[in-house]
Structure formats: structure tokens, C-alpha cells
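S.K.: Given next are the chains, with one letter for each unit.
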Amino acid sequence: MAYEAEISRRNPTCFLFLIDQSGSMGEAVGDGSGRRKADALAEALNRLLMDLCIRCTKDSREGVRYYYDIGVIGYGMKNEQIGPALGGNLAGKELVSVCDLAESPLRVEQRPVDGRMLRFPIWVDPVADNGTPMCAALRRAHDLMQQWVAKHQDSFPPIVFNITDGQATDGDPEPAALAIRQLATRDGHVLLFNLHISETPATEEQRRNWLYPGADKEATLPDDYARLLFRMSSVLPPHIVALAQAEGMPVSTDSRGFVFNAPMTEIVRFLNIGTQPKNLR
Amino acid sequence: MNTSQLRWLDLLRLWPWQQSVLFGEYFPMGRRNARPQVKKSAQPANQIERRPGPRPEPRSLPQIRWHLEIYRLPKLGYTLQECEDAWAYANKDFIDVCRDYETYPPRTYHLRFGAELAIAISDGATESFASALWAEILTFHAVNDALDKRDRDNRLQANLWSYMFDTETPLSNKLLDEFRQWVAAKAKLWKRQANQWRVAESGGNVPWFIEAKAERGSHATLLVLLLQYDEPSHTCHYRVMAIGDNCLFHWRDGRLFKMVPDLLAEQFTVSPQLIGTDTDYNRRYLTVEGIQRSSGQFSPGDQLWLATDSLSAWITKESQTERQANQLKKILVSEERQNLSQVFDQLRSDSRMKNDDITLVRLRWVD
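Line order of the protein sequences matches chains A and B.
With the numbering used here as the guide, the letters of the first sequence map in order to residues 1 to 281.
With the numbering used here as the guide, the letters of the second sequence map in order to residues 1001 to 1367.
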């Protein structure tokens, strides 16, 4: 259980993003820009997916190398409570290879960067509607990861990112979270990281304590819900701790993959660190 | 053997300058000081034609014999075409670079008094775009330019590489800037070639991810060795320059005598010093501290190894104790050991060595 396995075509790994699409995601992010949380999250996710595709691109002959399976599950949608959030040719697919992801964005937008027009692929559009069926999303994630680890026992374990701004409206999510974390490849247990977006007023010290808390910081969390998310989250593996420390993030060896009441910038920062490979081959 | 075959063999036995006259136009890369020709949609493995090695120098001149052996192995589970390591070798007559073979057939060369040879290895960064091409360009031009000390009037003069290899003088920021300019000139070759492949492979409709990745450029390590025979002392003087975690190992009496750069096992990380194709990257990250230089004397019976990072890390780890050093000597340094490919495959398969591309250049003095 070392989280040491190389990530290669033969042994790819998996990233699954569970994104909260409930009504409260329609509120402003609180940075004064007027952007909704759903818009900011969709933007961050599209950039992250773009970065994952680029990371796997080798050269013009080979194109994108199959290092990752990637899934995006939305919860809180209008007609169906949970479901795949990718659109276009990938609509309805829960897990796709990074090669397919790169080839089939929903659309490719042109955006000006440093006086030039660059292409930006879009896979996920913002949605903010209805409740927060987090339990159903976690149960679906468990089923998907169970199938995936059965086929990839030599791989680096999958990482599930649960990005939310509110509480589950369909029950207690802890059993489903525990079930996910009990799944394992030969290299380690599946990792579940919970990222809670909010701009609720808090002191600087509180904010600092609520980013990647270890066991010693659990008592500083503001309420039962925060402590529930803490318990649901995996301890960060050593390579993520090292990367985060190099970035100046407040983590220690027992830090959990959990942020509470964090601004969108911190969510983006953690998504980037959390998806950095240790042994890409 | 019929008459026509004999004629071809006779041609191959010509002296290097005669070969240049006859073949130069068609095999420009076989000559020293030649520039690589960019061909549309051709991979580097096919760009450079193989040339026979140089004939031995006449016996009347002081000279030494030395043995060259090169391994270039892709990661387990990958093909040789996917290997992102590169090597290049040059003497005053002849230049050769890595191609589509795993083991460069062991061969014996002669080094005349005063003559120099250069060898370079490079490890293209896995997450970079077309990094094998960047590694090949760096190694080819490093060995070519390190020996290219004649001006347009054919007069000998010191060049950038003379100063880069001058270990007596600290590396100045001015020299570093000149080196960065040298890199920038080679990066233009990389961009031109990478762009041609890009257009050729996609028929003009370049996918967004290829365009975005190419924007990020490429990165590679580089280690260059310059060796010169000194007849009065019957030794070879070598100088080495390393950027990144490729290492030179100097073995004497079967033991590790010197290592450049002198890294500890834990210093082989996923983020070594790299040379980028992007000028801003090099201005920011390619620093004086990141360039390691050293020199030494190479004596009869000694071996010099140039190894990329995973092999270097393994050797470093395995030579920490006396018992390990003896084991290492038995496995690798023994002269009876003919082919190391199987040894490396086994070590990687057993997870004792990181599953990475491996390049090893082994030089042995045959007195």
C-alpha cells in the first residue's frame, strides 16, 4: 500500500470527479466578480481536463497516450438526480479514456491569450438546480470504482474528488464514502478527497486550520457536517504531501484530502496538485 | 563473393576523407561538422544513414585502442521508437547518433595522440512534447560543436564548449548566457522539425491538444564527455559537463572511482535540472548552479560509463556498502560481461530498478 505504482499505458490510473450541481451552486463565489459557483467550477474543471489531456500528449505521431480513465458525475441535475456530466460525443459515458476525452470535447472555444487566439476545449457546462443527492453520487462512484479496480489491480489507485458547497439531501453519505475508501488495488486504497466551496466569513486562522486538516485540527472544524466530511476524506499519500509542501500549502503527513469553506482558488490549486502523477511512464 | 560485392566492400574501406568526397552529398550526417538536414515527416531514426567506422590510424603515430559499447533500452512494455533517451558520439572524422537499435555493436576505435572525442547522452522528459527529438538534437550538436574548433579560415580557436569544459575557471553569467543562446539556436531546429511533423501528421488540421502541448515546449537533460589522449603520460584526460541527473561513472580496478555529478541516491527525483526549448524557461531555471563540470585522468584498464538517471540512481544505491560494491562489480563491471540488456531488463522487471528508458555508454581502454 505504497502509492508507488507507475502510471503507464499498461497500468493507467483513474480520476473521478463528483460535482455538486444543486441550486445553491447558482450563488456568487464571493470574490466580487459576480460569477456563480457553478460557472467557476465548470471553468476550473474544463481547465483541469484540458491540462490532463495535454499532460498525456506525447507528439504529433502518437497523439494522446492512455494514462488515465476519467469520469465526471454531476449530482443535483433537473431531470435525473445523478449522471454523467460530459456532453457531446461522450454524453452518457461515466468513464472515458483520456484519449477519447481529448478527441471529443463538447465544443472548442477561441479565447484571446497574450494577444493571440488559443483554443480552449469545453466538456462540462455549468448547472445549478435542485437538491444535493451526494449519497447517490457516492454510491454510483463506489460501483464504478469497484469495477475499475477489479480490472486494474496493478495500477495506481483511483482518486475520487467530491466537490460540493452544501450538505447531502438524501441521507448520511459516510457509509458510501467508507465503502469507496475500502476499495483497493495492490498499490493502495482508493482515495476520496472532499472539497467544500464556500465564502462564509471566517478568521484567517480558521481558514488556515480548515485546509487539509490533520487529526489535530479536527476539533477546530466549525460543525458536525464539517467533521463528517473530514471523516469521509482519505489521508493524503506521501507524493501529494511533498508536492503540496513544495507549493507552500499547509499540509503535514497526516493531512486529509479535505478543504472546508475554501475559496475557488484553493479548490483549483488542490485539483492541480491532487492530479499530479508520481510515476508517469 | 562475386566481383560487384568486392567493389562495394572496397568502397567501405576507403579513408574517411575519401568517403566524404564520395558519399558526403548523400550522407551529410556521417561527416564531422555537418548540420542535420530537416526532412518532412521523417522521424530522426531514419534521418541519419549509418556509416562505417573510421579506419585505424597508422601504427607509426602514438595511439591507444579503446572499446565502445552503447545500450539504449526503452521502458519495459514500450518499443524502441518510444524511447526518449538519445546519445551521440564524434571524433574528428566521424559522428554517429542513436538509431533504431537497442545495442550498438561493441567496437574498438583508435585515438591518436592529441586527438579528441566527444560523447553525449540525453534523457527527454516524459511529460514534454517530442522530447526524443529534443534529446537527439542536443546530443548531436553538443558532440559536433564541442569538437568544432576551427573558424572559417580553418584556424584552431577556442569555442563556447572550450570554455564550458574549462573546469579551472568558474562558470560566469556571461558564459551561461552564451550557452543559453546556443540552446536557443538548437531550439529553433526543434521547433521547425516538430512543426513539420505536426502539419504532416494531421494534414494541416492540427488537433487542439497537439497545438497546446507544442506551446509548452520540450525538456531534456544533457551530459557531454570530452576525452583527449596524452601520449607522454599515457593517460587520457577527460572533461565532463552535466545538466540534470545523467551521470558519468569512472571505474578503476572494478571499483567506483569517481562520479559526476556526485549525487546521493535520494537526489534522483522526478524534477531534475532540464534544458528547455523555451527561452524564458532557460532564463529562469537553467542556472550556473545547475551545470556540473569536472575532469579526470583515464588510465589503461579503467572504464567510463555515461548513464541516464534510472541506471545512475540504481548504481548509486547499490554501491553504498562494500558488499554491495562487490556485488555490483560482479554484475556489471566485469569485462567478461558481454551484454547488459538482459541484466537491466531483469532488474526493472523485479522492480529493483525504476522502469525507465536506459542509456549506457561504456568506454574501456584496451591497452
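For the record, the hints were derived by calculation from the structure and aren't laboratory data.
One or more hints might be untrue.
[To be verified] So the derived list for chain A, only partly shown, Cβ under 8 angstroms to chain B, looks like this:
| no. | residue |
| --- | --- |
| 1 | Ser8 |
| 2 | Arg10 |
| 3 | Thr57 |
| 4 | Asp100 |
| 5 | Ala102 |
| 6 | Cys135 |
| 7 | Arg139 |
Note that this is a predicted model, so its numbers are computed, not measured.
No residue lacks a Cβ here, since even glycine has one placed at the ideal position from N, Cα and C.
S.K.: All hints are to be evaluated individually against the structure, with a verdict given for each.
M.R.: Against the structure, the hints:
{"no.": "1", "hint": "Ser8", "verdict": "6 angstroms, holds"}
{"no.": "2", "hint": "Arg10", "verdict": "5 angstroms, holds"}
{"no.": "3", "hint": "Thr57", "verdict": "4 angstroms, holds"}
{"no.": "4", "hint": "Asp100", "verdict": "12 angstroms, violated"}
{"no.": "5", "hint": "Ala102", "verdict": "5 angstroms, holds"}
{"no.": "6", "hint": "Cys135", "verdict": "36 angstroms, violated"}
{"no.": "7", "hint": "Arg139", "verdict": "33 angstroms, violated"}
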